[in-house]
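Residue numbers (our numbering), protein chains in the order written: chain F, 1 to 287; chain E, 1 to 317; chain R, 1 to 313.
It should be emphasised that the hints constitute simulated quantities derived from the structure, not laboratory data. Each residue gets a CB set at the ideal place from its N, CA and C atoms; glycine is no exception. Please note that a few of the clues may not be correct.
With a Cα cut of at most 20 Å, we get these calculated SDA-like pairs of lysine to any residue [as the list claims (entries may be wrong)]: (1) F:K141 to E:V213; (2) F:K230 to F:V265; (3) E:K210 to R:V28; (4) E:K210 to F:P114; (5) E:K27 to R:W188; (6) E:K130 to R:H193; (7) E:K210 to R:R15; (8) E:K210 to F:V119; (9) F:K179 to E:V315; (10) F:K131 to F:P216; (11) E:K130 to R:R304; (12) F:K179 to E:P220; (13) E:K27 to R:H193; (14) E:K130 to R:V183; (15) F:K141 to R:A301; (16) F:K141 to E:G275; (17) E:K27 to R:I20; (18) E:K210 to R:I20; (19) E:K210 to R:H193; (20) F:K141 to E:L211; (21) F:K137 to E:P220; (22) E:K210 to R:R192; (23) F:K166 to F:G187; (24) E:K27 to R:V183; (25) F:K137 to F:L121; (26) E:K130 to R:A301.
Computed footprint of chain R on chain F, listed as stretches where at least three residues anywhere in the stretch have a Cβ under 8 Å from a Cβ of chain R [said to hold, decoys possible]: (27) 117-127; (28) 150-159.
Looking from chain F toward chain E, a few residues come up when the C-beta cut is under 8 Å (computed) [claimed, not checked]: (29) A40; (30) M91; (31) K131; (32) N133; (33) W145; (34) G146.
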Amino acid sequence: MAAEASDVVVTSERTVTASVLNLAAVLPTRGATATTPAGAPVMRAEDLTIRYGEFAAVRNVTLDIPPKQVTAIIGPSGCGKSTLLRAMNRMNDFIDGVRVTGRLVYNGQDVYRPRSDPVELRRRVGMVFQKPNPFPKSIFKNVAWGPAVNGYRGNLAELVEESLRKAALWEEVKGKLNKSALALSGGQQQRLCIARAIAMQPEVLLMDEPCSALDPIATARIEDLIDQLKSQYTVVLVTHNMQQAARVSDRTAFLLLGELVEVDVTSRIFTTPGDHRTQDYITGRFG
Amino acid sequence: MSGILPWALAGNDRARGDGGVLIYLRKARETLIHGVLLLCALVSVATTLGIIFVLVHQSIPLFREVSPWDFLTGTRWAPLLEPRSYGVLPLIAGTGLIAAGALLVAVPIGLCTSLYLSEYAPGWVRQGGKPFLEILAGIPTVVYGYFALVFITPEVLRRVFPQTEIFNGASAAIVVGIMVIPTISSLCDDAFRAVPRSLREAAYAVSATKLEVSTRIVLPAAMSGVMAAILLALARAIGETMAVVLAAGMTPKLTFNPLESMQTMTAYIVQVSLGDTPAGTIEYHTIFGVGLTLFAITLVINLLAQRVLRRFREVYE
Amino acid sequence: MSVAATLFRPRLGRRRWLGIVFQALCLVAGLVAVAILVLLLVHVAGQGWPLVSWRFLTSPPSQLDPENAGIWAALLGTVWLMALTALIAVPTGIGAAIYLEEYARRGRFMQVIHLNIANLAGVPSIVYGILGLAVFVRWLLGSRSLLAGALTMSLLILPVIIIAAREALRAVPKSIREAAYAVGATRWQTVRHHVLPAALPGIMTGIILALSRAIGETAPLIMLGALTFVRFAPGQWTGEYSFTPAGLWAWLTRSLDSQFTALPIQIYNWASQPDDVFRRLAAAAILVLLVVLLSMNALAAGIRAWQQRHRMW
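Full structure from sequences and hints, please.
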């Protein structure tokens with residue numbers, strides 16, 4: 001593995017080679033077991049183009065999201081990865097002047113067809129944001145609000161506990177569910193937001209750079225969490241941290257200036273990228 | 001020397017060889033200006049102190065005639081007719097009834113329109129709403145009073161409730177309500193705008209509709225700003241004068257029936273001034289007694305509103 | 001799909017429908033306000049427009065002959081009053097704002113002053129009238145004069161001017177001040193030559209809006225004894241004055257000391273009389289007042305628009 005890596009990186013300085021070697025060394029410990037996607041894709045972007053006014057943030061992207069795996073989207077800042085992610089639960093709708101062409105297929109239907117209901121979509125496709133944004137309510141109400149508003153008929157308290165357990169937060173907050181969520185630390189708030197998202201029992205979980213506002217310890221805990229979550233949910237993760245993508249994801253897509261340059265099994269894309277632009281990005285030439 | 005003096009004071013401070021005198025003069029000028037500006041700022045302090053002093057000092061003769069307790073709790077206000085009575089409750093009741101009625105009109109309309117403008121309305125509607133509110137706010141109160149007397153009472157109220165008197169509290173409440181809609185609307189708009197976008201996005205992401213996001217997340221988050229808006233509108237409604245003079249009349253009455261005529265504290269003060277009340281009489285001093293009560297009430301409400309507003313700003317800034 | 005997922009009953013149709021109902025309610029609420037405003041304007045225009053004429057604008061009011069009454073005295077009184085008020089309040093207000101924004105140190109004292117000004121802005125206008133009555137009429141000047149009225153109105157709009165001017169000054173970016181200090185300017189020079197010109201459009205807008213508020217104020221003037229019936233307006237030039245400095249001074253002091261009336265007072269006087277004739281006169285006077293206010297607001301809006309396009313930064 002290491003020998004192949006250094007062969008690929010032809011004009012490398014020692015530090016650059018070392019970074020690629022680091023990635024390669026990290027890869028076997030997580031994810032990266034499947035070589036091809038198992039089963040039909042849960043979500044599929046077909047020739048998707050998203051424009052803000054004149055500027056095309058996402059250009060003709062065709063991407064499959066396989067089920068029960070973590071798909072990472074990486075790329076330099078401004079490459080459109082957040083825009084692409086937000087298209088998957090139609091959060092871009094709130095921006096004035098946004099135009100979408102192409103299709104985004106979920107559950108066999110184009111999510112952007114004229115009469116489709118984004119509220120319905122968001123029940124199945126949840127989202128965790130870059131900066132933790134808990135409601136200014138109690139911890140319990142944060143997790144319970146979404147299900148309550150959507151007419152959950154089961155036991156809310158059980159649902160809250162189950163979601164908090166899955167988000168690895170239960171032990172820390174079980175005695176103070178009625179306290180304000182804003183009193184939690186950054187990492188705890190983000191796990192609360194994850195609990196809030198999975199309380200809706202979504203099929204897909206979109207995560208937009210969930211660790212970028214957190215310290216390394218909190219980041220590590222959330223990366224552990226993502227690894228556990230993928231047994232139940234399909235995760236699409238946007239990150240600007242390549243090491244994180246290498247650690248956590250099964251498949252990685254590389255976006256550059258709105259175009260999908262390459263998508264492949266994570267281990268392959270970080271060791272033997274097919275496109276030279278991917279290679280340049282991974283070796284730190286830009287971005 | 002005398003040749004340099006006016007030139008230096010005129011401010012043409014180009015560098016010259018003889019620095020000493022010019023620097024001194026420039027410093028003197030700066031200090032003078034500093035002093036003048038400070039005086040300007042102190043005018044506001046002097047105004048407040050003046051108001052408090054005048055109201056208290058000129059009320060003392062009144063409170064020698066009637067005890068403050070009797071004044072505040074008496075239910076008959078007849079300072080000009082025999083037998084005299086100086087219970088201010090009817091005036092407070094009139095003020096309160098009209099102010100409450102005004103809020104009943106202004107809060108739903110102001111809150112709903114500002115919620116709609118901030119969460120639902122497309123850009124062009126929002127652009128059109130602002131000048132409209134400014135027009136509403138710019139119309140003088142006499143005009144509203146005139147409208148209440150000449151149109152609302154005969155054409156609207158009397159058609160529905162024929163027993164409505166010519167002067168009545170309801171028409172006053174309606175126009176005062178219209179008058180404070182812009183106050184509520186603009187402050188609520190600021191409050192909603194201060195709620196961060198990320199909070200709305202979090203709510204949409206758990207599959208909530210726009211109504212649910214607006215009313216169950218944004219509105220509660222902006223609640224203290226909304227409260228401050230309502231308090232400020234209340235203070236304004238209490239202090240309203242000409243509209244209630246024209247619409248509600250000048251007969252002090254302790255009543256809860258909005259279709260009757262009633263008198264507010266402000267209307268009473270106007271009534272005494274319109275007449276020929278010589279200085280030094282008890283009637284003259286009732287102006288200040290009632291004025292003091294009015295000032296105290298609006299001051300408390302305004303201070304409360306500022307407190308709430310400050311706490312709201314601390315959270316969102 | 002977990003068991004829990006099947007326990008959701010989202011009822012999206014009903015929730016969407018509620019949203020539509022809410023929007024409809026808000027629209028109705030807004031339309032009610034619009035309707036009342038439109039009704040008001042239409043009513044006033046309908047009643048008053050036939051009476052507005054040059055003769056109306058230039059005749060004195062007349063109780064006995066309402067057919068030929070006019071608002072000459074009231075107009076003149078309003079003009080004098082506004083001119084004097086502006087002369088007094090504008091420099092003081094701008095000066096205070098400059099002091100508070102540029103000179104004063106931040107701290108408890110400043111917070112108190114800020115709170116004080118905010119409260120003064122919320123004090124009912126009639127309380128200012130009471131203050132003016134006790135201080136200017138009874139104590140300082142001894143008579144119910146135009147000057148007392150102007151001083152009282154100045155105090156009334158001072159907080160408004162100060163708040164608007166402070167906002168305008170605060171909007172000027174720090175870099176402009178820093179650039180001036182860096183070339184050795186004193187504080188006053190920085191303010192006078194750099195900050196103030198940049199803030200001027202905002203300040204002017206605030207002044208115009210404050211004056212448009214002052215024009216409509218009636219209660220304080222009633223307190224001060226602005227009589228509801230004044231035939232001769234201040235400032236009228238009669239034969240006893242000469243065009244010498246002494247004569248001009250006499251004319252000025254006489255005018256400042258005279259009794260006066262103002263447009264809103266005239267409106268109140270006419271509106272409170274039950275006769276239909278007087279009600280129509282009131283409507284006509286209101287129309288004139290609204291036109292004046294509309295032009296002032298349009299001027300302020302124009303300045304604001306000009307400022308948006310010609311920003312200095």
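Quiz prompt | Unmet hints by their number, sorted upward, for this structure | solution = Per hint list: 6, 14, 15, 16, 17, 19, 22, 25 and 29 violated.
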